[in-house]
Each structure stands twice: as structure tokens, then as C-alpha cells.
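Going down the list, the sequences are from chains H and V.
Under our numbering, think of the first position of the first sequence as 1, with each following residue one higher.
Under our numbering, think of the first position of the second sequence as 1001, with each following residue one higher.
Just so you know, not all the hints are guaranteed correct.
Straight line, CA to CA, 25 Å or less: simulated DSS-like cross-link-like pairs of lysine-lysine [said to hold, decoys possible]:
#  : chain 1 : residue 1 : chain 2 : residue 2
1  : V       : K1009     : V       : K1042
2  : V       : K1335     : V       : K1269
3  : V       : K1322     : V       : K1335
4  : H       : K275      : V       : K1171
5  : H       : K84       : V       : K1171
6  : H       : K285      : H       : K84
7  : V       : K1417     : V       : K1269
8  : V       : K1230     : V       : K1335
9  : H       : K285      : H       : K275
10 : V       : K1230     : V       : K1108
11 : H       : K255      : V       : K1230
12 : H       : K144      : V       : K1417
13 : V       : K1042     : V       : K1171
14 : H       : K255      : V       : K1171
15 : V       : K1338     : V       : K1269
None of these hints come from the bench; they were simulated from the model.
The chain contents come next:
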Amino acid sequence: MIVHFEPASEEGIASVVRSAAAERVTLAVVGGGTRSGLGNPVRADRTLSTRRLAGIVTYNPAEMTMSALAGTPLSEIEAALDAKGQMLSFEPMDHRPVLATSGEPTIGGVFAANVSGPRRYVAGAARDSLLGVRFVNGRGELIKAGGRVMKNVTGLDLVKLMAGSYGTLGILTEVTFKVLPLPPAAATIVVSGLNDAEAAAAMAEAMAQPVEVSGAAHLPESVRGRFVEGTLPEGAATVLRLEGLSASVAMRAEKLGVSLSRFGPVSRLDAAETKALWAQIRDVKPYADGTPRPLWRVSVAPSSGHQLVAALRLQTGVDAFYDWQGGLVWLRMEAEPEAELLRRYVGALGGGHATLVRAGEEARRRIPAFEPQAPAVAQLSERIRAQFDPSRIFNPGRMAPFA
Amino acid sequence: MPETIGFLKPRQAVLDRRREIIADLADLLPEGCLISEERGLKPFETDAFLAYRRMPLAVALPETTEQVAAVLKYCSRYGVPVVPRGAGTSLSGGAIPQEDAVVIGLSKMSRILDIDLFNRTATVQAGVTNLNISEAVGADGFFYAPDPSSQLACTIGGNIGMNSGGAHCLKYGVTTNNLLGVRMVLFDGTVIELGGKALDAPGYDLLGLVCGSEGQLGIVTEATVRLIAKPEGARPVLFGFASSEAAGSCVADIIGSGIIPVAIEFMDKPAIEICEAFAHAGYPLDVEALLIVEVEGSEPEMDAMLEGIIEIARRHGVATIKESQSALEAALIWKGRKSAFGATGRVADYICMDGTVPLSQLSHVLRRTGEIVAGYGLRVANVFHAGDGNMHPLILYNINDSEDAARAEAAGNDILKLCVDAGGCLTGEHGVGIEKRDLMLHQYSRADLDQQMAARAAFDPDWIMNPSKVFPLEGRPAA
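Chain V with its partners taken away, still in its complex shape (with noise of 0.2 Å):
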């Protein structure tokens, strides 16, 4: 397809220097830490965010912070942009490199460094999984509490980068909530510490800036997380309506109620029927919306915040209700619903979006997409985090077919700038990458993008982290 993203033109001195760079920085690395040749650099070339691809100069494994440190030592000095990856799971382009670029993988530092259950923390590598922490400690009972879709492979180092949500961000937060500290490199090599098991150390909250700066300000090598007690159960409710408007406002007065649960995922028509199809979970074919609404507690607990809700539904009209009444169908319905990307992915491709919205706009902002997305000749699943107002449309294309590639890309940006418009951003989870780069300017005046853009330039001032990434090409300050 015709590629509207544009990346920054590489760097012709580093293209010239090509094979002597390899031979450099294979001198900083233990053997089999340097990716150089075609093939290998194959698999490095694109992220989840599939439709954008770039063969990266080379690919450095580096076992240890002292590695990253050296290899980012000599990218500055010599002007060679880097790209921090984690699992490579990355929905906006986050992870997809450049021809100049050295990408700088952390899956070998992979390991769990403390886990310190009196403090209710673990320190770990950035490489580790996310899902890696919570089945460390689960036997403990405790677990970490940000749980993006993709928990099984991304890594907290990407985490962190993108600042990662998931269903249960609700009551827990996402990552900025759970991080305590991290281990860092700077990008001329300098390794700084911030945070840590002490809470709110004075200062800038430069821990706060790192998280979600989607490699732009160093790499994470280490980081330490909060631990939280697991609830005794959890405990989903199904929940039917033939109107989207109608499960809106009973998402709206759910939470207005002082009710807090968990977690509640949102399902249209179409992502009901392509998820159903896929993962038999037992989701009524005959309504228009379906919320699914988790609490936590103890068994009496759960009976009585249950209760509260199901009456919210009521008084909305809802016309099914599905209550577990065991682990396996709790299982079930939420395998659907963590099933819906894989799902879709069989009957089409997709580009899914991220937007954010005030609950009050839940409404609104469903129909308007469907109308944006029938106007380009299209078709829209909606399936999202209803709870937080984290809208995930997924537009559905041929991804072979160049035109309707074309149109989803289109209608993908009137879709975001639907959501800035009503009073939300352009990515609530995902990044903003490559994907939603040139967006910015509707969600932001051009000084106060100049104003993030001098926060980066405090940590890069030469623009060598990830640099076709956040901010708009055009308008950046000169490095």
C-alpha cells in the first residue's frame, strides 16, 4: 500500500559508515549479541502495527545495563539514531525501526532481580513479561495489576514506554500508578537511578516523564513495580442491551453510583458476533451492545456489589443478563473479549484505534464512528475499556487491496480527531508511535507540543532516541 506516514530521511553519513559501525559496536558486545545480517534483521523490521516495515542498520542483544550503556555511548557520539524494543508488540509503530537506525532489543535481560513481598514490590529486568511478574508471586497471592491485552508476551520495558493499560486499569491504574523506580541509561551512556521503594522522592517527577515517553528519553533496563494483594474472586456479569446508547448510560451511572468495579469492557454488534463465532463463549447474537462488568471480593461481597449493579442495568432496560456461577464460566466470558483482536484478525485485517472520551461522550462518539466509517465503504467492530472511556474501534479492510487501505487509514484519523473533539485524545493505551504522529497538532497548540518537545530535548538534545516517533516531523526544533 502507499505509505502517508513518512519517516525522518536516514542519516547518509551513518549509511556510509555501515559496515564499520557493525564491526564497533560488535566489539561492545558478547558474541551473539549483534544482529547485522539480512535475515536475522528480518524479524526486527515491523511491530504489531503491521503496516509499516523498515530494515534497521543492525540489532544489539545486550545482556546487561553496562551493554546498553556502551552501545548508546557510541550511537550518540557518532550520530546513530537507536530504537528501543521490547516484545515488539507495539499497536502505534513504537518499535518499528529505521534504515539508520541500531535497534536495541532487551529480550536477554530477562530476568527477576527481587522480590520483596514484606515491601509488596518486585525489581526486574525490562525484558521480563508482564504476565512474568503477577505468576511470580501468585502463589504468594499477590499479582501486578496492569494487564494490556498482550500480557503474555510485552515486556514491562515496553510498558513503561508506552505507559500500558488493560481491562482492570479501572480500579488499579495503568503503569505510571505502578512503578516505583527504574534503572535507566541516558542516551550519551550516563546510567541514573530514580525512584525506588521509598515513595514521591522530591524533585522533578522524572519517573513520571519516563513512563509513557515511548523510548524518547533513555532506555529502561530495570524497574521496580508494586505488588498488590489478590482479591479473594473475581467475578464477571453479562450483560445485554438493544441499544449501544442504552449500555453507554448504564456504564455512566455504574460509576456515578460510587460502585467501582474492576473492570467494564464494552462489545458492538459486530465484535459480539465475529468474537462469539471464534470463542463460543455463549454472548446473546440478538442484542446491539454487551457490557461485561468484573468486581472483586469476598463471595458476600461480590452477592451485594453485584446486586447494585444488575439494578443500574435493570433500570436501563437490559434484556439479557448472564451471571457466572463458576470459574469456568467466568473463564468463558472473558475469553471472548480477550479473544476480539485475534478474532477480527481471522475475518479481516484491521487498524485499531485508541481514543479516549468523557463517559458522557460514550454515545455520541459510537455513533458518529459508525457513520464516519459506513461513509469511507467500510465496516466497524467497537470493543473497548467502557469503564475509562478507552474506545477501541477496530475498522476492518483488505490490507492487499491498497484503496481500502487508503480509506481505513482515513477513516481511522476522522475517527480521533472525533474523539479530541469531544473533549478526549488520540490514544489512551496504545501511543501515539508513528501512528498517530501527525495528528498531534489537533490535540495540542503548536506551543504546547513545542513545550514537550523542550522537556525531550533535556534528555536528547541531539534527537537520536526513536526519532520518527511523538512528535510531527515538520516544526521540530533544529538538533
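One chain only, chain H, in its complex shape (with noise of 0.2 Å):
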């Protein structure tokens, strides 16, 4: 990647865009560079980093709150909250195993397409822990909005517009987000042998029982042997994460055993072998197969997932696992995207969303990455970007839902 600008103050950012803006030159907007793959490709006159405007600019942890510089790496987010014993609670996705990137990914970059992991089902999305946002728009104006404290109802939310914009908005140059205490302790209750839809209902018991559960994914046989080293036992694994102090971790654990054993027998794991598991599940790394095979990840209501999967199977050739109580699920096909199949199909199972993260070039030019919206909420989201970079000069294309 050929970087043209990389400011390192928010002056500089807007000055570049201000010029950039008068004489119509597009920017391809990009934070470390790791996840680049995502969304439409974008097709710009020059490219704009972030990666200079880096660095924590207040870490209060009593006060559950950080703000940092937009290219900020995020390991050296995570070492700084690790060190007094908090983390980013919505986890998120590496996308290097799976898009075969390098770089450093940023804070900045992470917030802008919304990742998160497994913990996003019960303790919401990236979205959820942004609280406050200064970027750069589309004129070459400074702007901020939410702030820094946790709860904030002061005019329209842009912080959620934001996130999740893939840099087609503005530039992020700083960012506010509330951090959680990590939990002292953990274990991972472990069903074998269930099939996709049994595994289905064994995780929505588990979900409607009193025990905080924090992950919950299926990991089919074709799967099983990819995770933890293949130390799963034998058989499809349905796993279920518990975090918190450590008697209520022993004592939840237990109790979920219990009533999940009529499913199927019944292991656990320990915080080590938790901790590795549910990192291995949030970076997809079975499909981190240094190949350019197509892999989807699709959004369905949980209960929709397996059987996604199955009508998907009768057609043509899949691989699949399954997070969030098996409402997000990973789709790795052997030959073709076959998007319109598969977006047919979501439709008619009750809706969702397809996003296609990982394809050729030629499929990639060819397929909407994200699922097309309808026409009146995409002349809406069409108005608002106008609103926020009337010379549509950031990341062209990334976003659209057709070229």
C-alpha cells in the first residue's frame, strides 16, 4: 500500500482534507492497513494514515474510561489495560489470520468498522462502549461528539454514526470508550456430539439460565480439531464460556453442567485452555487457511443459523461454525461466493445480513460485500453521507452497496 499523507496532529488531517476536498481528490482512509479487505474496494486518488496520530491520552481506571488517538495500535491498548487489570469488553476480531494482512491494527480502525467477538452477544458491540468521538469531516472541520463519562443523552448520537462508518463519514482522530474490569476467573462448559440444531437448543437453555453466560458457539466435527490444538474431545463441541469472581465461575459452571448433561456428555476447561479457545474462535481461525476460498459471515436471529446451514448444504459445498448461540455464523465455501443463494436464503429464514469478508478479486469487484439495504433506508444513509462529506472524497465505494 502506497501511503500518501500520514499527519500526525488533527491540524494536519484537516488540512489535508480541506485540500483535498477544493481540488476533488479522493482518499482511501486507512488506520494500520489490517483490515482493508473489508467492505467494497475502495478506488482513491491517494491514501491517508492515521498511523502517526498515535498514543493514550487519559487512562482513568476507576473511572472505567480511555481515550486514545485514532492510530494508536491497539496491542498497546490492551497491554495498558491488561496492566491494571481491565479489557475492551466487546473483544475484538483480529482480521489478520484470516485476510493475511500485516501491520498493526488501531483503535481507530476497530471502532470505524465496528469489530467485536464473541463477548459482542452479551456485553453489545464495539459500538456499545464508544462513548465519545473527534473526527475530521468531510470539509475539513474538527468535530466532537458524546464525551468521556458513561452515560450521555445530550442531542443526536453521531458517536454510534461513526462507528461502524468505515472511514466513508470522516476520520476518526480520537477516541472515548469505556473498558470493564476483566474477570478473575473463567471456565468453558463443553457438550460433545450434538448436531447443529441440537447444539442450537442445548445454547438457548444455557442463555435462559441464570448463569452469565459469555460465549456461546458451536464448533462442528469439521472444525473441532482446529481449536485448543485438537484437545477438544471427541465429536462436535458446543461450548459455553463463564466469567467473574471466581466462586460464582465454579458454582455457575457446575450448575450449567448439570442441566446440560441431558444433551450430551459434559467437559470442562480451564481459564488457560478458555482464554486460548475464545481467542482461536474470535479470529475464525479454521478459515485462516492462507487461502482465498470465499467466507461470509452472516447475521441471522440464533435460531435461524443451523437451519441457514443445512438448506445452504443440499445446494452447494460449505463449512461452517457457529458464535453468538449460533446466530452469527462463519461460512467458508469450497468454490463459488454464491451470493445470491445464500442472501436468498437469509431472506427467507427471517432476515439478516451477509457480508462477504474474504473472496478473489474478481468476486470482490463483482459482489456487494454488504448486504444491499433497501431503497428508502439506502437514499437515507446515501442523504447522511452527503451531509457529512458533500464531495465524496472519503473511501468511494467502500460502502456502496452496489458500484
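Take the two lone chains and join them into the complex the hints point to.
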């Protein structure tokens, strides 16, 4: 990637943007560039990176908030939090393994793409942790929204709008977010040998109990061996994570294990195995296979996930595993992306969205990466974009439903 | 009292067509769904922000999304302002109408449409009350988490409009964190759906933008919300402290320790006295500040958590510790807190502020609040959600004494500026409404506000949706 601009200040970014807007020069906006493959391909005249705008601005553990410049490496943030016994509750996925990219993910990139992981299902997405932003809009103006307090309903929530907007509304320069204490203890309950439908029922039952499950995934036999060095018991693994004070985790694990034993044999992973397993689920380890085989991230109601996969299997070659109680389906296609077929089934099974995370060059040019929106919603989104970036200079094409 | 908060000048062209508009709206709605007589309009002229009132042109009470769409389509065509209304419990004037406006009340849309326990969601019409949702799923072991004090009356539509919070959001978040999807009508009558049972729809987070937009982006008619498994039990403990500072630093230490209680509520001496006189909750009267800390879980888990929390309180020199030994005692501890606003209303008129401050600033802001209010010759009672820094100073005054009322409003403005200057914000859960509208430039720059108004314009280019609210009347774009 050729980077043309690397301003080290907000004012530097604003100044580049003002010139670009005046000259109608389009900008590809990147942080560390590790997620540049997400979304539709961008065609821009120049590239602007935020990576020199880096550093933690304020961190007060007793207030459970941190502010950092957008280009701060995620690893630096996580190390600082870890040193104080805290964490990002939404568990952002690392896209480098599946996209075969290198470099350092930045905190700005995490929020710009609203990147979350397994705990999203109970603790909220990246957007739920984001409290405040500073960004440069398409006119080169520095805008702030939100703040650094947990509860804030003052004016329109532009913070949410910026999260997940992939740099198409403005360039994030600083983010303030909520953090949570690291749970002192963790364990995983494993139920073995369930088929996908049985697993969905077992996960729903676990989530209905007052044991605060913080992760619910199903790893069919085709992928089971790729996790924690193949040490999970024989057969598909339905895994449920418990976190909290150590006495709580022990009691809850006991209770959950007993109630799920009617589904199949139950075993338990300790804290270290739990940590390794859920990091691998988060990073989609089975499909970090160094190939460009099409990879989809499909979000549906948890009850529909296994039905979708069963329907697809009758038509085409797919491999799949499930997170979020079955509502997040990671689908790797054996050959073609089959976008039309997949999206038709998603619609027929109650709706949701299929996002093409990885595919060959030709397929990426042809297939909209994001689920196309209803026309009225797409028009509304386009009107919003025009209000933030009237000259359309940021990341042209990245979020467009169709080129 | 003299009004210091202005409204937009009514559109004369609309007032001139009043009869015609009423006749046209009557054609769009079923029998009994339109109010236009003064006596019938009277209950709609204000909300829980009682100091201001305006008689609306008419009140529409549609029964379906299609009827909401028909009314909005008509109003946008003829430039008639629209003010959405749930139960009218807004504390910031969010539902107060204006003379040229049609109020669209959602009270007739109060059906629960779908309860899906497998996926743990409820889909309800906008007029369903907050508490109704939890009641509908309680027997199955679930609840809907946000719990504003007005939850018995307030509607989910209003909660979405204001992004309402409550006492338990320290652990479960506010409305925006528990809202999965909406069906809503845009200003021109277009019906759209955002989100749903599948999480994290791609595209701009319009659902996040709509939540808390105070009825300025459209009218939500249906909502899908997240249900949560009810904890096995909940237990509050009550701490009395000799100073607000000690209580404030105890809160910061509890949060910093890694234990996240479901709620940490704070009351100062005037609030303790008012609530105790009303609820006889057994609050200690010889302390300056009181904390109610609640934890959830199984009995042994709660024991373990409370042990840790009590240890922290001891380090801060706690004077009184009261652990609830039964459900009855727990209910009594909460009764005092939950009746705070009502009890205060019995001793004086009050205005309730709602700024949020960083936790490290709690003590400072409490002290300055006392000084500010005393400077105006008034009294203040503080009762608020300390765990998330959301303050609720109640400024006591006499509504029939116009000078007193003006002083209370001025003191309130000074307190909100204090919150912003301490790194916080004007409103944590009540919304801007008309109440805090003219203070927005204290928190935001002109460019910040212009960007918000630009986003608003993408939804409502002609500013017909609840137009007197949120944004200062000066400096708006020409519609």
C-alpha cells in the first residue's frame, strides 16, 4: 500500500482534507491497513493513514474509560488495560489471520469497522463501548461528539453513526471508550457430539439460565480439531463460557454442566484453555487457511443459523461454525461465493445479513460485500453521507451497495 | 411565571387552516382517534416538565403504523409540525406541543406482538409500557433491563426517543444497548425497518442515531428489544457516611475494584430526610450521605460480592451498614429511593437536573452544586445514579413565586454548566427537550451542532418533527 499522507496531528489531517475537498481528490483512509479488505474495493487517488496520530491520551481505571488517538496500536491499548486488570469488553477480532494481512491494527480502525467478537452477544458491540469521538468531516472541520461519561443523551448520537461507517463519514482522530474489569476467573463448559440443531437448543437453554454465559459457540466436527491443538473431546463441540469471580464461576459451571448433561457428555476447560479457545473462535482460526476461498460472516436470529447452513448444504459445498448462540455463522464456501443463493436463504429464514469478508479479486469486484439495504434506507444513508462528506472524497465505493 | 425558554413562532399559514386540517385528519383516522376540542386537548398541553405548556392544534391517536404514516404524509405535505408523544412523562419537555402542531400519541398502539424466548427478544408496539415488557416475560425467567423511574407509565417509544436509562444500567446499559430494531415512519410517511433479531446490520448505524433523537427523526411504531435471563436474586446494602466526599470516593473505589454492582444510588442529607419522612424505609438520619449498592446472583455469590463491597466501605469510614436480610427489607430500602421524586414533590416544587460527570469529579460537583443553589437562596436535594456519574440535583422552589422560579431555573443552568466544565454533559438520561436546548452551545461548538443538525436534515429537511426541541432556535439552517 502506498501511503501518501501521514499527518501527525488533527490539524494536519484537517488540512489535507480541506485541500483534497477543494481539488476533488479522493482519499482512501486507513489505520494500520490490516482490515483494508473489508467492505467493497476502494478506488481513491491518494491514501491517508492515521498511524502517526498515536498515543493514549487519558486513562483513568477508576472511571473505566480511556481516550486514545485513532492511530494508537490496539496492542498498546490492550497492554495498558491488562496492566490495570481491565479489558475491552467487546473482544475485537483480529482480521490478519483470515485476510492474510500484516501490520498493526489501530483502535480507530476497530471502531470505524465496529469490530467485535464472541462477547458481543452479551456485552454489546464496539459501538456500545464507544462514548465519544473526534473526527474530521469531509469539509475539513474538526467535530466532536459524545464525551467521556457513561451516560450521555445530549443531542443526536453521532458517536453511533461514526462506529461502523468505515471512514466514509469522516476520519476518526480520537476515540473515548468504556472498559471493564478483567474477570478474575473463567471456564468453558463443553457439550460433545451434538448436531447443529441440537446445539442451537442447548445454547438457547444455557442463555436462558441465570448463569451469565459470556460466550456460546458451536464447533462442528469438521472444525473441532482446529481449535486448542485438537484437545477438545471427540465429536462436535458446543462451548459455553463463564466469567466472573472465581467462586461464582465454579458454582455456575457446576449448575450449567448439570442442566446441559441431558444433551450430551459434558466436560470443562480451565481458564488458560478458555482464553486460548475463545481467542481462536474470535479470530476464526479454522478459516485462517491462507487461501482466498470465499468467507462469509452471516448474522441471523440464533434459531435460524443452523437452518441456513442445512439449506445451503443441499445446494453447494460449505463449511461452517457458529458463534453468538448460533446467530453468527462463519461460512467458508468450497468454490464460488454463491452470494445470490445465500442472501435469498437468509431472507427466507427471517432476515439478517451476509457480509463477504474474503474472496478473490474478481468476486470482490462483482459482489456487494455488504447486504444490500432496502431502497428507502439506502437513500437515507446516502443523504447522511452527503451531509458529512459533500464532495465524496472519503473511501469512495467502500460501503456502496452496488458500484 | 415568566417564560425564559422560547418556542418557535407558530406558522400562521397552519393556524389559518386549523379547521381544514382537523377535517382532513379526521378522514385519515378511525372514529375516536382525533381530538380537537379544547377540553380534550388540555391533558396534552404539557408533560412532566410542568413549567411550560402549549395547546396543540389537534391530537391524533393512531391505531396502526399505516395511520401514523398517513398523518405524517399529510403533515409534511402541508408543513404542519408534528410532536410525537408516548405517556408524556418527559422531564425535559420533550413532549410539550406547540400551537401549530399535531400531537401524534402512540397510546393506542399498546400490543405486544411477539415474544421469542429462544432468541430472547420481544417485539412490541411503541405504546407498550416499559414495565409491561418485563411483566410479560417475568414468569419465564426473563426481564427487559432499562428501568427508568417512570417505568410503570412510560412507553417503549418514549424510552427510545429519549434513550432512557434507569437505576440498573450500570450493569445492563441504557436503551440503545438493549434495542435490536425498530419499525418507524419518516417525516414524509415512508415506513422503514432498522435492525431486527439479527445483530449489527451493516451500513450506517441509523438505529443508534434514532435512539435518543427525541422524536426529531421520525416516529417509531414498533420495537424489538433484548430480553435477559433474570438473576437468581438481588440484594441491596445501605451505607451511611459522615460526608459526601467519603461516599463519593467509596463509589470510585468499588468501581475500580473490579466488582460491578447492578446499581449504586446516592442520596444526600436533604434527600434522606425527605424520603424517610415519606417512605419510613429505616434510613439513618444522622449521616450526610447514603449509598444503596445492589448486587445480583445466587446467595453465595451475593455474599461474596457484598463482603468485598463492605470491606471497601469500611476503608472509607462508613458510619452505618444495613444489609437486607429478606425480600421485604430489600424492597423497603428501594422504596425510599424510588419514591424520591414523589416525596420531594410533597414538600416543595422542584426542578430535576440530569447532568453526568466523570466519577472523579463527583465530590467536587456535589460541593459546588450546594454552593450554587445556596447562592440563589434555595435548597437542593441530591439523589442520583452514582455508579455512572449521572447526577439528579432536585432544586426546591415555589412554582407560584415567579422570582423563586426564575432563580431555580438560573441555578439549574449554572449546575449544568458546572457538569460540562467538569468533563461531563448536560443530560444523562432525561434528554435535552426544551429544558436544556439553549445550553447546547456550552457543551458543543457551533461546528459540532451544525454537524448534528446536518444529520437531522437528512431525515427531516423541512424541520416539521418536534421542531422546538434539542437545538437552539438561533443558528438553525434555513428550512
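Checked against the structure, which of the hints given earlier come out wrong? Hints 6, 10 and 13 are the ones this structure does not satisfy, whereas the remaining hints hold.
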